[in-house]
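Enquirer: With the hints in hand, could you dock these two chains into one complex?
Protein sequences appear in the order of chains A and B. When we follow our numbering, the leftmost residue of the first sequence carries the number 1, and every step to the right adds one. When we follow our numbering, the leftmost residue of the second sequence carries the number 1, and every step to the right adds one.
Treat the hints as calculated values from the structure; they're not laboratory data. Any given hint might turn out to be false.
[Unchecked claim] On the chain A side, residues computed to face chain B include the following (Cβ under 10 Å): (1) Thr7; (2) Ile12; (3) Tyr33; (4) Gln37; (5) Met41; (6) Gly108.
Backbone N, C-alpha and C fix where the C-beta goes; we use that ideal spot for every residue, glycine too.
Residues per chain are reported as follows:
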Amino acid sequence: NAGVTQTPKFRILKIGQSMTLQCTQDMNHNYMYWYRQDPGMGLKLIYYSVGAGITDKGEVPNGYNVSRSTTEDFPLRLELAAPSQTSVYFCASSYSGGGQGYNEQFFGPGTRLTVL
Amino acid sequence: EDQVTQSPEALRLQEGESSSLNCSYTVSGLRGLFWYRQDPGKGPEFLFTLYSAGEEKEKERLKATLTKKESFLHITAPKPEDSATYLCAVQDGGYQKVTFGTGTKLQVIP
Chain A
1 NAGVTQTPKF RILKIGQSMT LQCTQDMNHN YMYWYRQDPG MGLKLIYYSV GAGITDKGEV
61 PNGYNVSRST TEDFPLRLEL AAPSQTSVYF CASSYSGGGQ GYNEQFFGPG TRLTVL
Chain B
1 EDQVTQSPEA LRLQEGESSS LNCSYTVSGL RGLFWYRQDP GKGPEFLFTL YSAGEEKEKE
61 RLKATLTKKE SFLHITAPKP EDSATYLCAV QDGGYQKVTF GTGTKLQVIP
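Bound-form chain B, shown alone (with noise of 0.2 Å):
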């Protein structure tokens, strides 16, 4: 059964303070990993899709990056703005199905 571990459940920050997001997973063939921001009371919103370890990609303030059993969303420099819970997802390679870890809940103070 795939499972998906996001850590800490919650992170408060400074304004401009630097932080790291973690997604350890469990999958028998990695199709794909995702990443999602939700806002409170709205529907997630697709950020990136990962593939395969050492992969990266990045926008705007955000990096992720990608190992054979975690990933990672670093945050840089954050703003009051980038205050959501960031959900990581996996897909499994022989399946449609996507499991979603219960997310990441930021705050940005200014």
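With the rest of the complex left out, here is chain A (with noise of 0.2 Å):
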């Protein structure tokens, strides 16, 4: 079981290119996230996905898409990269039953992005 799993590691664009993240996770958790996380700001959400088709935008989703077309995968496009979405970004997935049990987070261990 390797939980969530993001590729790559670290990546440096410049100004202008596109790349995507990508997120998979093995747990069969239909919730899934995207957030970025910058010095002394916390974790902000860009995009969630309740399941596979089913996506929505969270706090900061301008220059950000994502799709959703498995269980298993979350990737995340960046368009025209700016020097603002310099940030460490972190895909999670959790399984919402309703009750209570559910609904904690399991995260990838992040994907650190320098635009240049």
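Expert: Okay, here's the thing in structure tokens:
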């Protein structure tokens, strides 16, 4: 059971380039999330998904896109990278059965992105 | 809008010196309050979920408690391996989104 995996671990982009951050979970969780973490700012939700084919915006969605074609995968697409997107990106997943004992999120190891 | 405020921002303890971390929150209807531990260069690791005021949970040297407005993470006789950033988060009853605090960076000195 690998949990939540993310690739790549590190990446440097030039302004205007595009890339996709990959996220895969093997826990059969229905919910998946993308966060960014900046120093002193806490985790900010970018997008989330409640199941395959269903996505919704979080707090800071501008400049990003997502898709969810399978339960396991939730890629994050950066179009026209900007220096403001320099951050550490975390993918997470959770199972929400509607009752207690669920909802806690399991996080991947993160992708450290620098845009120059 | 849900809000989570953690204090102090940083805490330095001697090994064995017990203390508490605070998490104050504002949410319209609490579905759950979460505590996570984050080590440098890694993703947050789940510790506890608390659901209602008065609830307490323990794990080794950590004990989390919850009131209607705040949660405390008590650390008893900490060891250097407890050094990490501790994150608090709340989930509103009507949403799947979770709001995180900025964390308390704990350093335990031998």
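Enquirer: If a hint holds in the structure, say so; if it doesn't, say that too.
Expert: Status of the hints after comparison with the structure:
For Thr7(A), the interface hint is violated, since its Cβ never comes within 10 Å of a Cβ in chain B; the closest pair sits about 14 Å apart. Below 10 Å, beta-carbon pairs count as interface contacts, and Ile12(A) has none with chain B, the closest being about 17 Å; its hint is therefore violated. Hint on Tyr33(A) holds. Least Cβ distance to chain B is approximately 8 Å, under the 10 Å limit. Taken as an interface hint, Gln37(A) checks out: its beta carbon lies about 9 Å from the nearest beta carbon of chain B, inside 10 Å.
Restraint check, Met41(A) versus chain B: the minimum CB separation of about 7 Å is within 10 Å; hint holds. Hint on Gly108(A) holds. Least Cβ distance to chain B is approximately 5 Å, under the 10 Å limit.
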